[in-house]
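S.K.: Residues per chain, in single letters:
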Amino acid sequence: MECVTDEELVQRARQGDQAAFDEIVERHKGPVFRAALAALRHREDAEDVTQETFITAYRKLDSFRGESQLRTWLSRIAWNRSMDHRRRGRNRRYLHLDEPDAVELSAPEASPEQSTLAASVHARVRREIDRLPEALRDTLLLASGGEHDYAAIALMLGVKEGTVKSRVFEARALLRSTLQDLAR
Amino acid sequence: MTASSQFPPTDDLDRLIDDVARRLVAGQPQRVSAATIRAAIAAAPAPRSALPVWLSLAAVLLVGFLVMLTRAPDQARSSDRVATSPAPIAQPVSSPVMLESHEERERAGVRQTTARPQGAAAESPSIHEPYEGLPRLIIPVIEQPEALATTALVQQRLEIPRIDIAPLQLSALDHEQP
Chain E
84 MECVTDEELV QRARQGDQAA FDEIVERHKG PVFRAALAAL RHREDAEDVT QETFITAYRK
144 LDSFRGESQL RTWLSRIAWN RSMDHRRRGR NRRYLHLDEP DAVELSAPEA SPEQSTLAAS
204 VHARVRREID RLPEALRDTL LLASGGEHDY AAIALMLGVK EGTVKSRVFE ARALLRSTLQ
264 DLAR
Chain L
9 MTASSQFPPT DDLDRLIDDV ARRLVAGQPQ RVSAATIRAA IAAAPAPRSA LPVWLSLAAV
69 LLVGFLVMLT RAPDQARSSD RVATSPAPIA QPVSSPVMLE SHEERERAGV RQTTARPQGA
129 AAESPSIHEP YEGLPRLIIP VIEQPEALAT TALVQQRLEI PRIDIAPLQL SALDHEQP
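Chains E and L, in that order, give the protein sequences.
Going by my numbering, the first residue of the first sequence is number 84, and it counts up by one from there.
Going by my numbering, the first residue of the second sequence is number 9, and it counts up by one from there.
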């Protein structure tokens, strides 16, 4: 089913083709999960939101008019669900630096000391990202994922595309400024 | 060597920021798959929409509001006007109640007398357009007084009965003893 377009899958899923909906899930669960993760920064909550998103999408598939990409539509549902989670205060835990999926920060050939230092630098950058104002942080994380262009992010957040651009710019400028101060 | 001294030069900071941000939102869901979602959909029936309840409630409220609006719009409007009118009494020119001369009043009386039998409209005379700031003035019909009839006075003779006056008699006065 790889060559089938999203529109065809939606058509078939609307007619009750369960396999078509399964394909939609498998094709888009990654981007949906990462959108939720950008909002919640907690993997378990993001998985819950991903699950809820596809259940909602299944029930509201008829309301998808194809005005945006299916991925954007799904990500918007995920984003709204994530905001609900956030409001209910369910995402109390944030991604910890010592989580098992914490990134491998250095090249394989790096020495243990270099690896430790790189990890420390990355940890500091993470902390500074966490300290950004919510709107800037959300937009920066969505944009950094690379899965949504600015227009899609604007649709998800319900703001103008120019606002997305300026928020990303501002977030980077703030981080640059803070990190430069730290480097001195 | 500290972590601070390991920060890259400015040019590379953007790359570092993007790299860290991308890693923050990287990964795949471990528990979510088409099978788990299918199972969840089967397990949880679609919630019943509460829309009809809201619609009916909204309709009831709307109807009630409309009824309230249509029942007493004039009262509310006139009382508002009176309340907000700056000085309604100071508008004698536009006031329908005006002093009339004696002749005018008489003519109006004649007109009213002749117009009265024509119908109910004559019972509450319309007084032009009421002044905006005042409630409409309704003047009840003033019944035409009956013509004054005077009966002729019959002159009667004034009879004064004769009064007999007895002559005044004075008794002799006794002198008081000193």
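No lab work stands behind these hints: they were computed from the structure.
Even glycine gets a Cβ: it sits at the ideal position worked out from N, Cα and C.
Be a bit skeptical, because a hint or two may be false.
[Said to hold, decoys possible] Here are a few chain L residues that face chain E, going by a calculated C-beta distance under 10 Å:
1. GLY35
2. ARG46
3. ALA52
4. GLU151
[As the list claims (entries may be wrong)] Over the 12 Å line for every Cβ pair with chain E, so calculated as not near, a few chain L residues:
5. LEU21
6. LEU63
7. ALA66
8. VAL71
9. GLY72
10. LEU142
11. VAL149
12. GLN152
13. THR159
14. LEU161
15. ARG165
16. ILE168
17. ARG170
[As the list claims (entries may be wrong)] Covered stretches of chain E, going by a simulated chain L footprint (3 or more residues, C-beta under 8 Å):
18. 86–92
19. 146–157
20. 163–172
21. 234–246
S.K.: Now tell me, hint by hint, if it's right for this structure.
M.R.: Taking the hints in turn, this is what the structure says about them:
Residue-level restraint check for GLY35/L holds (minimum Cβ-Cβ distance to chain E is 6 Å; threshold 10 Å). This hint holds: ARG46/L has a C-beta 7 Å from the nearest C-beta of chain E, less than the 10 Å allowed. For ALA52/L, the shortest C-beta to C-beta distance to chain E is roughly 7 Å, which falls under 10 Å, so the interface hint holds. Annotation: interface hint on GLU151/L violated; nearest CB of chain E at approximately 75 Å, more than 10 Å.
Here LEU21/L does not stay apart from chain E, with its beta-carbon only about 5 Å from theirs, under the 12 Å limit. For LEU63/L, the requirement that its beta carbon stay farther than 12 Å from each beta carbon of chain E is met, with the minimum near 18 Å. No Cβ of chain E comes within 12 Å of the Cβ of ALA66/L; the nearest lies about 22 Å off, and the non-interface call holds. Every CB of chain E lies more than 12 Å from the CB of VAL71/L, the least distance being 30 Å, so the non-interface label holds.
Chain E leaves GLY72/L outside its interface by the beta-carbon criterion, the shortest separation being 33 Å against a cut-off of 12 Å. The beta carbon of LEU142/L sits about 53 Å from the closest Cβ of chain E, which is more than 12 Å, so the claim that it is off the interface holds. At roughly 69 Å from the closest C-beta of chain E, the C-beta of VAL149/L stays outside 12 Å, upholding its exclusion from the interface. Every CB of chain E lies more than 12 Å from the CB of GLN152/L, the least distance being 78 Å, so the non-interface label holds.
No Cβ of chain E comes within 12 Å of the Cβ of THR159/L; the nearest lies about 98 Å off, and the non-interface call holds. For LEU161/L, the requirement that its beta carbon stay farther than 12 Å from each beta carbon of chain E is met, with the minimum near 103 Å. Distance to chain E confirms ARG165/L as a non-interface residue, since its nearest Cβ pair spans about 115 Å, more than 12 Å. Every CB of chain E lies more than 12 Å from the CB of ILE168/L, the least distance being 116 Å, so the non-interface label holds.
With a minimum CB-CB distance of about 122 Å to chain E, ARG170/L clears the 12 Å threshold, and the non-interface call stands. Counting residues of the stretch 86–92 of chain E whose beta-carbon sits less than 8 Å from any beta-carbon of chain L gives 0, not enough to reach three: the coverage restraint is violated. With 0 residues having a beta carbon nearer than 8 Å to a beta carbon of chain L, the stretch 146–157 of chain E misses the requirement of three or more and the stated coverage is violated. Against chain L, the stretch 163–172 of chain E contributes 0 residues with a C-beta closer than 8 Å to a partner C-beta. That does not satisfy the three-residue criterion, and the hint is violated.
Taking a C-beta to C-beta cut-off of 8 Å, the stretch 234–246 of chain E contributes 0 residues in contact with chain L, too few for the three needed, and the coverage statement is violated.
When the structure is compared with the earlier hints, violations turn up for hints 4, 5, 18, 19, 20, 21 and for no others.
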